[in-house]
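Protein chains in written order, with the numbering used here: chain A, 4 to 183; chain B, 39 to 499; chain C, 21 to 1006; chain D, 0 to 414.
Please note that a few of the clues may not be correct.
As the list claims (entries may be wrong) - Straight-line Cα separation of at most 25 Å, DSS-like style, residue types lysine-lysine; simulated pairs:
| # | chain 1 | residue 1 | chain 2 | residue 2 |
| --- | --- | --- | --- | --- |
| 1 | C | K548 | C | K600 |
| 2 | D | K215 | C | K945 |
| 3 | C | K641 | C | K629 |
| 4 | C | K678 | C | K600 |
| 5 | A | K139 | B | K238 |
| 6 | B | K73 | A | K131 |
| 7 | A | K52 | B | K334 |
| 8 | D | K215 | C | K947 |
| 9 | A | K131 | B | K142 |
| 10 | D | K215 | A | K85 |
Hints were generated in silico from the structure; no laboratory data involved.
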Amino acid sequence: MNKKVLYAIFDDEEILLESVKVLRSKEIEIEEVYSPFPVHGLDHALGFKETRMAITAFIYGCIGLSFGGLLIYYIMISGVGKSWPMNIGGKPNFTFYQNFPAFVPIMFECTVLFAGHLMSLTYFFRNKLYPGATTKSPDPRTTDDKFLMEIIVEGDDKKMRKLLKETGASEINEKDTDNE
Amino acid sequence: MHKESEIRDPLILGNKTYHDITRDIARPVEGKANKYWWILFSLSVFLFLWGVGCMAYTIGTGIGAWGLNKTVNWAWDITNFVWWIGIGHAGTLISAVLLLFRQKWRMAINRSAEAMTIFGVVQAGLFPLIHMGRPWLAYWVFPFPNEYGPLWQNFNSPLLWDVFAISTYLTVSTVFWYIGLIPDFAMIRDRMSKTISPMKKQLYTLLAFGWSGRAKHWQRFEEVSLVLAGLATPLVFSVHSIVSMDFATSVIPGWHTTIFPPYFVLGALFSGFAMVETLLIIMRKVVNMEAYITIKHIEYMNVIILFTGSLVGTAYITELFMAWYSGVAFEQYAFLNRATGPYWWAYAAMMSCNVIIPQLYWIKSIRTSFIATFILSIFVNIGMWFERFVIIVTSLHRDFLPSSWTMFSPTFIDIGIFLGTIGFFFTLFLMYARTFPVVAQAELKTILKSSGSEYKNKTHE
Amino acid sequence: MKTTKKYWKGLAQLHDDPIVEKLAQNEFVEELPVDEFLGDKENLSSTSSSRRDFLKFLGFSTAAATLAACETPIVKSIPYLVKPDEIIPGVANYYASTIYDGRDYASVLVKTREGRPIKIENNGTCSNSRVQASVLSLYDSARLKHPLKSNEESNWRTVDYEIKEKLSKIKDGKIALLTSTILSPTIKQLIEDFGDKYSNVEHIMMDSTPYDGILDANLESFGSRLAPSYCFDKSDVIVSFGADFLANWMANEYATDYVNGRNPKNGKMSKHYQLETNLSLSGANADKRIQIKPSEQGYLISSLLDGLRGEKFDSRLSSIVRALSSSKGKSIVISNSNDKNIQLIVNAINNELNNYTNTILVDKPTNLKQGNTSQVDNLLSDMKEGKVSALITYNVNPSYSYNKAKEFNVALKNVALKISTSSYNDETASLMDYVCPDSHNLESWGDASPKHGTYSFMQPTISPLFDTRQFQETLLSWTDRSDYLSFLKNFWIAKGIDWNTTLHDGYFNLEDKKLRLKSFIDRSKSIKNSSSTELELELYETIALGDGYQANNPWLQELPDPLTRACWDNYLTISAHTAKEFGLENWNVSNGALNGSLVDIEADGISLKNVPVLISPGQAKSTVGMAIGYGRTKAGKAGDGIGFNAYPFTGKKSISIKKVEGEYEFASIQLHHTMMGRDIVKETTLSDYIKDPSSGNHRETYATYKGKLTADKVTLYEAHDLEIGHFWNLSIDLTSCIGCGECVISCQAENNIPVVGKEEMRKSRDMHWMRIDRYFSSDMTEELSAKEKISMIDMFSEMEEPSENPEVVFQPIMCMHCNHAPCETVCPVAATTHSNEGLNQMTYNRCVGTRYCANNCPYKVRRFNWFQYSDNDKFDFNMNDDYGKMVLNPDVVVRSRGVIEKCSMCIQKIQELKLNAKKSGQPIKDKDAQTVCASSCSTNAIVFGDSNNKDSEVWRLRNDERAYDLLDHLNVRPSVFYQTKIRNKA
Amino acid sequence: MMIPFINNRLPLIIVFVFIFFSTAFSQDAPVVVDSAAVLKGEQIFKANCTSCHVMGDKKLIGPGLLGVTDRRTKEWLKKWINSSSDFIASGDADAIAIYEEYNKVAMPSYYFEDADYEAVYAYLKNPPVKVEVLDTGDLLAAEDEGIKTSTQLMFIGLFLLLLVYLLTSLKNKLKASLKQETETISETLFNQFNLFISNNRNVVFVVVASFIVVVKFSFDTLSGVGVYTKYQPEQPIAFSHKVHAGENGVDCNYCHTSARKSKHSGIPSANVCMNCHTYINEGTITGTTEISKIYEAVGFDPDSKTYIEGYEQQPIKWVRIHNLPDLSYFNHSQHVVAGKVECQTCHGPIEEMDVVYQHAELTMGWCIDCHRTTEVAMEGNEYYTELHAQLKEKYKGQKITVDKIGGIECGKCHY
């Protein structure tokens, strides 16, 4: 059975956007779009869901906050196990709340530290970005000035090529499937 | 695709296409360095090595190598520390705050501004380390289980707050910076040819983290940048507030002041922008970025400097007023001594450089001249250094008991270390300018059509 | 280390039990603790004295740990082969003994560890900083390590043989024995014996600062050449003409009495007038101080006599005359003049006031000054004429301290046999044929009679470190005898003294035969006013160095002068007014250090070049002062070339100075001399105090919702529990503190405080845990500025200038041990924390050295180790010297570089105290609780104790109306507090 | 997997053996008359007698006293103890015999209260029982430690290798059956390796994992720096605490006198050794070789039993085992007297060590943990009376540990 992968290349993000809209309206499945910079409204056009990065950040932040709080509480206040509360300059380390003002800065920093780093890690993880990973982009020009749309066509691709040309693709390549 | 009003001046000059941008940004990385670069680089490396020597000597013999004494236990070390931290602030501000405010003009400069931030904070980080009597035990400031009982830290100490604040600030802004860098590294990676420069190709492949510019990735990219910006903004303010608390929470008259946090943050932005200008004006020459770093950018920053400068001035006056109004003899004397005591000249330098000179920016012609800006920015840098010196030394050298009043004068080691960090800073920055995409080209491309001159002209017709 | 072999022998013999004697013969004395630190590294720690005990370098151990990673360092432990009974390794022994070096006398307790004297404590009597420091002089490696023959190393047998040989040959020539004042009855006995053995021996005593005036005057007045003893506690009015009796005048024993006579609690204080040229310690403590020129003194004294006899007198004296005549029999008038005639008038005055037998005891004279300058001068002329064929010196250094030193040195050439018994190869000794080094007080047996009828014993606390021999033994061997110990014992047992008990107590009284004294004869001749306009010089002795005998003692060199606050120097003190006349000035360089201009000084023929000038308030106009005891040339590495030798100017009144080019660098650690109108030393007058005990002790109150409260009542949060257990407090009475600085040295000895040298002191990097701030009053006050509408700026700049004749206050400052300590909260690594006993603990080995605490300390008492001060050739003082290290206190760490240190309130003593109490199962007695500053304070100004204990002295003081916290508005709740200063002025 | 199985069980087995034996012994041990008296007696004995007498058959300066009560009558002993010299003078045959036997050294006189004397006698009558199995058991346990860690790893390693071999050979069999060319083990591993690293993610994973491992490892090693537990150097004289403190029951206090008075426990000076070894010239383990070293040191002639005149004495350079860092102040008497802590608490079963080793870590954490948990010995010490009341008031019910009286404050050990 023959399944073709078409790479439609556009020179301008606006044309690309238009073409995407057209294709989507014709219920044509767009495999992937590669672009040198974030194209506004593209995600909507492609019908992506909202990303949940922000939410993860919030959760990580909460973790960080509580970590900082607990760490300090354990060390300065609790007096259990290996902790070591001391009389430092007569500061009231009897209860957490009495000494709380002094702990705000570090608890805040912990929040940011955790939120920032863990979110970034998640981002790398979800995007499968890591040192030494190789690009999946079929055409190196997509980081320069070309916008590439990847479409899988079953059976005859004439119609699709035509359509793409109409919507303004500057060139259309085909993934050569000889070695499969 | 949102449009921009015609009256706004273009932020990208010359008829640039996306590809032009790509080529221009990639040029410094691919091409050879020009002679300016080499001159500056060798100079700063020399300074750096000099500084390393002085630090080695200090650690070898003891802090006694500096000009400190029993009364003035901090002087240039912490002055430089605060100064560098302050400089660090502009970068994050530009990339974070201006991002939140959707200021397009930030895009051309945020990359370098952030680089400056990170390198600045690196310099700053050096000082708390080497100013210790026993730096080899510096790791004791981090809470980790140990066989001493275990021994923990004192979370009441502003210095410990510093440790957390600065390490957070450094790492988070580095990550922020890098996430933005990835697409641009990818761009360079894809321009490199395996055959001509395999090594470079390898390198940038590694750095690019396998970025391929998928739509979904871009979506996440934008969200992450936004959230990080959201995190970085309070972080910036917190960091310098905390640094200011090193002084504000103490009992020394002249330090024990509640207005320090806002006052320090403003001062930081003030000095930060000045340093950004200094660097950019050098950089746009050294790596030919004239088209992207325009006088418009400079002017915008000058306005900010004018604003913050005036606010800092207000803070100075407020201090004096509060001292008088408080009716506390020690407080009054501390500030009287600042202005009229043995260190009056430092105070004068601070006042003139930070309050008076920036007022020149009311004049358009000065505000929109590269040369003037460059000179003025240098002045501001000096002024802000003196501000920290004044706060630290003049408060300490005459505190409560006249019996222990002394003076401070730096040794050549003090000076050497300071120069060393400047050298180190520029070494890093110049290396960055030759190996990194100095402008966030991916972002820049998004505003090409709205703010590129050519497109603007089109719309005029 | 052969020399140290007999190490403990001397110790053991104290109890002279037969076993030890036997062992002594068995020479069971190989391998002694001394070797560990003098000898090879591997010995560096024996259990008897572990490495920790000698060099506790915490820095090393931390570093070492990381380096030596895995393999265990081999540490050898060498026990004694035979352990002396009284030595328990790690436990201190105390021995009652006596310090007398020919100048300063004190009956002391010597603290020894593993047979090493490490600290000197007062034994009931008054001592001073030089006595405290003498323990370091014991370990001075500049001391002679063996006898010398014409400056070549020799040994005792040859030296003794040859000397006896030569002495016995002497027939007609004179054998002169030139010594310091001798207190020891046995030495006097021995000298007599010596005289019997050899032909025409002459014994001459000389004091480095002569007191012939008084002695001769009393010879005329009472028919006996003596110096009376004074009861300052019994006298209501004290009038001193230049006599610095609180510091160096006569005996150093008057401070205690003086302060006892000035206790405001009794409702009365003695009224102290000081008429002097230089600002002396006594002058600083006086209630009324009048500046006079030396030449005026005689006139004023005789005018005072006139006044008392109801004739007309100098107006300046009016108040004095009034005071004196109203308190006959309860006053003292003294003068430092060395002029017999003046002293005769003084005697007349005291007789007029009928002070003899009341406050001045002629029948109980002090023996501390017996020198006779005229005899010394005769000796000199004899030497010139070659009549002297043998000269033996003991405890004197004429080539340095004799004002005719030059002539003396020349004349020495005419002396056939020259012998010195100095323990240093000093200026004199180096010119001698033989030097028979004397042992240090702490190595010697001996006895002394400081006062008529009072005696004390000297016993060795360590056997001689070097091949030295105490003078008494030397005399014995020259009279073909030996064993001074038994001689001493027999001498006293014959007098019916219980040897062991008295040796244990250290001192005893003995009813001597009464002195035969004539009733008072008045030989006074009045003196006319002969005040001249020309510049006059008055020499003085500093608190630290005295006459310069211990010039090689770095502790003393680094002890700041209580008044000028400069150290490592002597200089010309001059009043600001006179300085202006001569265009001389002092100024601060960029790092604050003090510089001054130079002058050449000249007085008939004698001159000194490039002498620095230090402007010092209180100096009388057109006079200059200069300290003797400096400018040693053969003292040792610490003392050589420090300052200038002023001895040649002794007796010279008027001098001329000439400004010369160049500037001089002082090491002054207080660069700012006035209180700037701040409420630091709270002051009041006796009359006000009697009206209201809390007068002058005004506390700022602050508005709260509970109404107006003092700072210590206001707080945001709960306090930590300091009620349970001990609560160590320290009270400092500013009225009793005379600023003598004894506590500073005592603290330095106890706490292993390093000496940092002039350069560092100059940079305000002094390491003293305890300092004594000195403030001068200023003409400008806030009231005045308010009245005269002077701007704040001018007011403050004028306040910086002290008055011409200022009131002086001393304020000892050490760590206040704040219970809300600003330093503690800011340390990132919790290296300084608070104990439940109210101590502010500094944990050196946790410190990373950010110095934040030092910045945040309002009292600036924290000291940073800028460099490695021990074992560092750059700081070549006692801690870089194998012998010098022996003085280190085993219980206190020697701090490494890069850490903060500060007063620990002698926590090692507190811990020891508690431990002993726990072990014995007894509660702590109040008197046992002592810090070294408290125990060494001769005037009892410092009181330490547990203020949770309601019947402790310190608790009473804590609740005294005079008690106040320094800088109380900061509300740091110090554990150290002060008692207001009270002056007895109208 | 058999041996590990046993390893795990070993301690249990030992415990069983132990219990069995000990009970077995305690059954046929003599019935104690008045245990209180015996204990008291033991104290008195330790305090006064141990320097010359052993509770066994060995001769020290005096004869071994095991079963002396059978040999002598109570009265006889009383007389002898009260004043042996008088007793000898009185002409008692046995007394003289002993006097002769122990080269004419009369035993010093001890005047005991009757009660005390009874106690001592009671003790002599019911000497303590040694349970030999005790040490062997411990020894086994000690070895057991070793076996666990090292060998188990070894076995696991072997097992894995075996597995690899089996699987590859299996694979080859299959390939062979499929007529594919087989490959050697090395080839397989190599291919597998290539396959593995061909995937970047694996590499990243491995890098991260190994990084974590390295960090953990270095952290552990670093925190182990300067900790010398089980440090057991060779001493110049092979002195056995087991023989002296254990078998002969010499009280620690007899040699380490200053432990109760000073911060130092004190290494006994040679003259202390000579107190006994003037007479005991032969050791149980090493015979004369080691003891003669003391004589060399002090210059003593065992034959003539006299000190050589004018002998150049050699110090005995013991190797120090417990090295506390210089920066921390430790005081023996504080712990032994005030704190009533047993020597063994820190020094371990010293009386069972032939060669002494460092028992405790001597890290700060080790000190602190003890201070956190140990109760202060306040009872019957007047110093504490008031304090104790207040503390009971403050910490109702809780036990008053050292840290509650400031025992973990920095300044208590570092100054």
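Checked hints:
1. K548/C x K600/C: Roughly 30 Å separates the two Cα atoms, so the pair is violated.
2. K215/D x K945/C: It is violated: about 53 Å lies between the C-alpha atoms, which goes past 25 Å.
3. K641/C x K629/C: Answer holds: K641/C to K629/C is near 22 Å, not above 25 Å.
4. K678/C x K600/C: Given that 25 Å is the threshold and the Cα spacing comes to 13 Å, the pair holds.
5. K139/A x K238/B: Given pair K139/A, K238/B holds - Cα atoms ~19 Å apart, limit 25 Å.
6. K73/B x K131/A: violated (41 Å)
7. K52/A x K334/B: It is violated: about 38 Å lies between the C-alpha atoms, which goes past 25 Å.
8. K215/D x K947/C: The hint is violated at about 55 Å.
9. K131/A x K142/B: violated (30 Å)
10. K215/D x K85/A: Roughly 20 Å separates the two Cα atoms, so the pair holds.
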